[in-house]
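Chains F and P are the protein sequences, given in the same order. The first sequence begins at 1 in this note's numbering and counts up one residue at a time. The second sequence begins at 1001 in this note's numbering and counts up one residue at a time.
Any given hint could be a false lead.
Said to hold, decoys possible - Beta-carbon label-pair distances, calculated as ranges:
id : chain 1 : residue 1 : chain 2 : residue 2 : range
1  : P       : Asp1114   : F       : Arg271    : 45 to 53 Å
2  : F       : Asp426    : P       : Asp1114   : 39 to 47 Å
3  : P       : Asp1114   : F       : Lys606    : 55 to 63 Å
4  : P       : Gly1031   : F       : Asp521    : 25 to 33 Å
5  : P       : Glu1115   : F       : Arg271    : 32 to 40 Å
6  : F       : Arg269    : P       : Ile1116   : 24 to 32 Å
7  : P       : Asp1114   : F       : Ala650    : 48 to 56 Å
8  : P       : Gly1031   : F       : Val717    : 37 to 45 Å
9  : P       : Glu1115   : F       : Pro403    : 30 to 38 Å
10 : P       : Ile1116   : F       : Glu21     : 22 to 30 Å
11 : P       : Met1001   : F       : Thr488    : 30 to 38 Å
12 : P       : Asn1118   : F       : Glu21     : 42 to 50 Å
13 : F       : Leu471    : P       : Asn1118   : 24 to 32 Å
14 : F       : Asp521    : P       : Met1001   : 44 to 52 Å
Claimed, not checked - Simulated coverage check for chain F against chain P, where a stretch passes if three residues somewhere in it have a Cβ under 8 Å from a Cβ of chain P:
id : segment
15 : 194 to 205
16 : 388 to 395
17 : 496 to 506
18 : 675 to 687
19 : 700 to 706
20 : 712 to 724
21 : 768 to 779
What the hints assert, rightly or not - Which chain P residues face chain F? A few, computed with CB under 10 Å, are given here:
id : residue
22 : Arg1019
23 : Lys1036
24 : Gly1038
25 : Cys1039
26 : Asp1040
27 : Ser1042
28 : Met1061
29 : Phe1062
30 : Gly1068
31 : Ala1078
32 : Ala1103
33 : Glu1129
34 : Cys1135
35 : Val1142
Note that these hints are calculated values from the structure, not bench results. Glycine included, C-beta positions come from ideal geometry on N, C-alpha and C.
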Amino acid sequence: MTSVLGSPRLRREDPALLTGEARFVDDLQISGVLHARIVRSPMAHARITSIDTTAARAVPGVVEVLTGADVKSAFENPLPCAWPVTEDMKHPEHWPLAIDEVRYAGEGVAVVLAETREAARDAADEVIVQYDGLPVVLDLEAATAGGDLVHADMGTNNSYTWALIPDPDSVDAAFAAAAHTVKERYVQQRLIPMAMEPRGIVVVPEPFGGQFTIYSSTQIPHILKIMLGITCGLPEQKLRVVAPSVGGGFGSKLNVYAEEALCLALAARTRRPIRWVEERGENSTATIQGRGMIQDIELAADANGKITAVRVHLLADMGAYLQLVTPGIPLLGAFLYHGVYDIPAYSFTCTGVFTNKTPTDAYRGAGRPEATYAIERAVDALARRLDVDPAELRRRNFIQTFPYESAAGLVFDSGAYDGAMDRALDLAGYDALRKEQEERRRDNDTTLLGIGFSSYVEMCGLAPSRVLASLRYGAGGWESATVRLLPTGKVQAITGSAPHGQGHETSWSMIVADRLGVDPDDVEILHSDTAISPLGLDTYGSRSASVGGTALAMACDKVLDKAKLIAAHQMEAAPEDLEFVGGEFRVKGTPSKTMALGAVAFEAFKAHDLPDGVEPNLEAQLTWDPPNFTFPFGTHIAVVEIDTQTGAVALRRYVAVDDCGNQINPLIVDGQVHGGVAQGIAQALWEEAVYDDDGNLLTSTLVDYLVPSAAELPSYVTDHTVTPSPTNLLGVKGIGEAGTIAATPAVINAVIDALTPLGITTIDMPASPQRVWSAIQEANMQRSGQ
Amino acid sequence: MRISMTVNGARQEHDVEPRTLLVQFLRESCGLTGTKVGCDTSSCGACTILVGGESVKSCTMFSAQADGADIMTIEGLANGDQLHPVQQAFHENHGLQCGYCTAGMVMATVSLLDEIPNPSERDVRLGLEGNLCRCTGYHNIVKSVLAAAETMGGAK
């Protein structure tokens, strides 16, 4: 029997989604529901001097109009930040609705409850809020230096400074002895995650017993349940969180939001179901943004281009408040600023800075795209300095032996970096491209060719709980799984990993089918409802397969251990004489004597003749805490053409060679790469959350914020190498974020590669036509001595 | 005001406020929630449906403007359990992940293939420009559309 694992099995999630039958939060039809509408601040920083709700209350259909002060007593705690990265981290109180002062445009100041959405909307327009403007803090460098403050009572805009400098002397010595150094500054612009489904929440108070069912478009139903209990002061056992179909997250739904706590509090107050569904224009300010950093990176290298030290300092934009894991995002990249290179001396510091903008938090890759961008651009800068081919310089510095203990303190599980590079060069047709590039340059072609590399490694499989403890994260990184054989031989498997588009049901059914020797169609995957799946730590950080999938495989093995005892008893054999092959137990050496797993399940259910001490039924729950991260890697190559007359950048070819260890379903793996690459390209070329000098977001709609369409993007060339992870049973590593991590530096390196002959060595993101055109004009002027 | 139209072959007659958008009418009055709302600027295309056989973003029309029209939504596309060739192609080519843009993407594709039965990759990319997807990077959507064109016998 060939293994179902590794086969491109079509997704079982698809039919419901393709026919419109799948239900997202906004599709739930709940009778008697009250519609909530949030009144949001148009000011980035201001004192609230008065809120007049009289006219709003007079709108027909309005039930309640409440301000921040009105609802504060409904909360036992402010909104949570689960990652106090340092002992002295400044952590301002963050209430679901602002009280007295607003600190970013879009912050909620009041809520309207009405019988219809239209009435709620009309009434929200009638809430009259008077503001007294305060100085607006927007610039990271100015903010960190002091002056105007986002939170006056804290006396500083700096939330924390976190350092990872295992051996400071070695770094100083390496720079002192360096034959070459490069010193670069990069800006990670703020990005808006823009999941296609905006957020939504419906809270239903159950008729008796004080229970609440909370439907949320969340990535983290389990974490949300805990945090809502703590925030609202409601007993956790009375809360049930359900994430129905969730329309993408990319980190933006990995949070505990004001509206979630507010709707729960309002449902408790009114004893009626409360519904809030975000509009796109709200989403861009009310949902977290990503990135937002200034990165200073220095490399030291010897005469041969062997890099001897890396030194990094970040200013990370927290926004106005700390959301669930805001301060920890830079730490997820903190260990990876040496990239795929064997660099013996390491120094990283990061200062988290408050600004009067929407809070930042996890956005696809979360810390690791930023790290990869910085090291990959810096390596290209070094290659230009040395006049060495960027592929060659990378090879000289690749980590070669595994497990590899990095200077930053991680142990890389496995890797084969040259192999991915070889394959990518091959697929790109590298030598021919360089030749064409030369010819275009020689011919003064107005279309220049650029070839950009990105060799990346990421730490996935978040995360070993002890490591999280050392980073002061507030929880663990385990995952839970339950496997249950039903009397008819069918299987239910419960996972704590809650999907939002990744296809867990398909992949997980394949893992269980492989392990138990059953048909994947006979395996039902249950998830995303805390009443069905009470234990879990949800989906983020490319953790699902390596932590949740492994937990599931191990739960299968635990079921088989028990099944073996029952089968041995039935077959009148010793358990150690049995083997499990192709879905049945066999007596070793007597292949004719078998008992199928389904038959064992029925015996376990009947319980008429079980061995002494063995409980009826066949079910196992297991929680797995990974011993290490996993370290997927790869090399991506972007090929761009730049029209030097317009500054327009066109992607001609994109090659992605990724190694995520063993693959469960290559169809899904490639899909993850495609989507991730598109998001990474989008950061490089199009997307930016732009604020004006008053702190207003200018890119709050999909008209202004350039999420690419099919017309802007090419088809991608994808391939894989396979280097299994030795740290989990399945040998898997993770693929959800790889594309986003790799693509951004590949594209920008390609842009700079194209423009290098003009004397251009840097460009900020997004590399818009205007920005590229301006850089070309400036370079031309400099060359002509003006 | 009271309006009526044919939706997926069935007559739908409901009272609406004049400001009710067609997408709200479909989702709220008709209970057909397969059509999604992804933005408020007619940019994302998640609400794409067919009005008189042509693709329309149903957030760009008041429901009253569709009074008397013949509408098809994603719920009307499959024939029982038999997926429409476009739906089938999206399934077979992994042309969807979270599925939120899918209804609009599929309906836009049906209309696109009606206009251009044998499209090039460029035709597909330009033809779906008004439909945003955040998950797939479009690679497999384009593949799905080209595959659907082939199974629908698009070769002219």
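Results for each hint:
As the Cβ distance of Asp1114 of chain P to Arg271 of chain F is approximately 51 Å, the hint placing it in 45 to 53 Å holds. Separated by about 41 Å at the C-beta atoms, Asp426 of chain F and Asp1114 of chain P satisfy the suggested range of 39 to 47 Å. Taken as a hint, the range 55 to 63 Å holds for the pair Asp1114 of chain P and Lys606 of chain F, whose Cβ atoms sit roughly 58 Å apart. A beta carbon spacing of about 30 Å between Gly1031 of chain P and Asp521 of chain F agrees with the range 25 to 33 Å that was offered as a hint.
Checking the proposed 32 to 40 Å range against Glu1115 of chain P and Arg271 of chain F shows it is violated: the Cβ atoms sit about 53 Å from each other. With their beta carbons about 55 Å apart, Arg269 of chain F and Ile1116 of chain P fall outside the hinted range of 24 to 32 Å. Against the hinted window of 48 to 56 Å, the Cβ-Cβ separation of Asp1114 of chain P and Ala650 of chain F comes to about 30 Å, which falls outside the hint. Checking the proposed 37 to 45 Å range against Gly1031 of chain P and Val717 of chain F shows it holds: the Cβ atoms sit about 44 Å from each other.
At roughly 57 Å, the beta-carbon separation of Glu1115 of chain P and Pro403 of chain F lies outside the given 30 to 38 Å, and the hint is violated. One distance hint, 22 to 30 Å for the beta-carbon pair Ile1116 of chain P and Glu21 of chain F, holds here, with the actual separation near 29 Å. Distance hint for Met1001 of chain P and Thr488 of chain F: a CB-CB separation of about 55 Å, inconsistent with the stated range 30 to 38 Å. For the pair Asn1118 of chain P and Glu21 of chain F, the beta carbons lie near 31 Å from each other, so the given range of 42 to 50 Å is not met.
Look at Leu471 of chain F against Asn1118 of chain P: about 56 Å separates their beta carbons, and that is not inside 24 to 32 Å. In this structure the hint that Asp521 of chain F and Met1001 of chain P lie 44 to 52 Å apart at CB holds, the actual value being about 49 Å. Counting residues of the segment 194 to 205 of chain F whose CB lies closer than 8 Å to any CB of chain P gives 5, which reaches the minimum of 3, so the coverage claim holds. With 0 residues having a beta carbon nearer than 8 Å to a beta carbon of chain P, the segment 388 to 395 of chain F misses the requirement of three or more and the stated coverage is violated.
Only when three residues or more bring their CB closer than 8 Å to a CB of chain P does the claim for the segment 496 to 506 of chain F stand; here the count is 4, and the claim holds. By the rule of at least three residues with a Cβ nearer than 8 Å to a Cβ of chain P, the coverage given for the segment 675 to 687 of chain F holds, with 5 such residues. Counting residues of the segment 700 to 706 of chain F whose C-beta sits closer than 8 Å to any C-beta of chain P gives 3, which meets the bar of three, so the coverage hint holds. Given a C-beta distance limit of less than 8 Å, the hint that chain P covers the segment 712 to 724 of chain F holds, as 3 residues qualify and 3 suffice.
A count of 0 residues in the segment 768 to 779 of chain F with a Cβ less than 8 Å from any Cβ of chain P is obtained; the coverage claim is therefore unmet, three being the minimum. At a threshold of 10 Å, the smallest CB-CB gap from Arg1019 of chain P to chain F is about 8 Å, leaving the interface hint in force. The restraint placing Lys1036 of chain P at the interface with chain F holds, with a minimum CB-CB distance near 7 Å, inside the 10 Å limit. With a least beta-carbon distance of about 5 Å to chain F, the hint placing Gly1038 of chain P at the interface is held under the 10 Å criterion.
Using the Cβ-Cβ criterion of 10 Å, the hint placing Cys1039 of chain P at the interface with chain F is satisfied: the shortest such distance is roughly 4 Å. The criterion of a C-beta within 10 Å of any C-beta in chain F is met by Asp1040 of chain P, whose closest approach is roughly 5 Å, and the hint holds. For Ser1042 of chain P, the suggested interface contact is upheld, since its CB lies about 9 Å from the closest CB of chain F, less than 10 Å. The criterion of a C-beta within 10 Å of any C-beta in chain F is not met by Met1061 of chain P, whose closest approach is roughly 17 Å, and the hint is violated.
About 14 Å separates the beta-carbon of Phe1062 of chain P from the nearest beta-carbon of chain F, more than 10 Å, and the hint is not met. Given the 10 Å rule on beta carbons, the hint for Gly1068 of chain P is violated: about 23 Å separates it from the nearest Cβ of chain F. Checking Ala1078 of chain P against chain F by beta carbon gives a least distance of about 5 Å; that is within 10 Å, so the hint holds. With 10 Å as the threshold, the beta carbon of Ala1103 of chain P comes within range of chain F, its nearest partner Cβ sitting at about 5 Å, so the hint holds.
The interface hint given for Glu1129 of chain P is met, as the beta carbon of that residue sits about 4 Å from the closest beta carbon of chain F, less than 10 Å. Because the smallest distance between the Cβ of Cys1135 of chain P and any Cβ of chain F comes to about 5 Å, under 10 Å, the interface hint for this residue holds. A distance limit of 10 Å between C-beta atoms decides the matter here; for Val1142 of chain P the minimum to chain F is near 6 Å, and the interface restraint holds.
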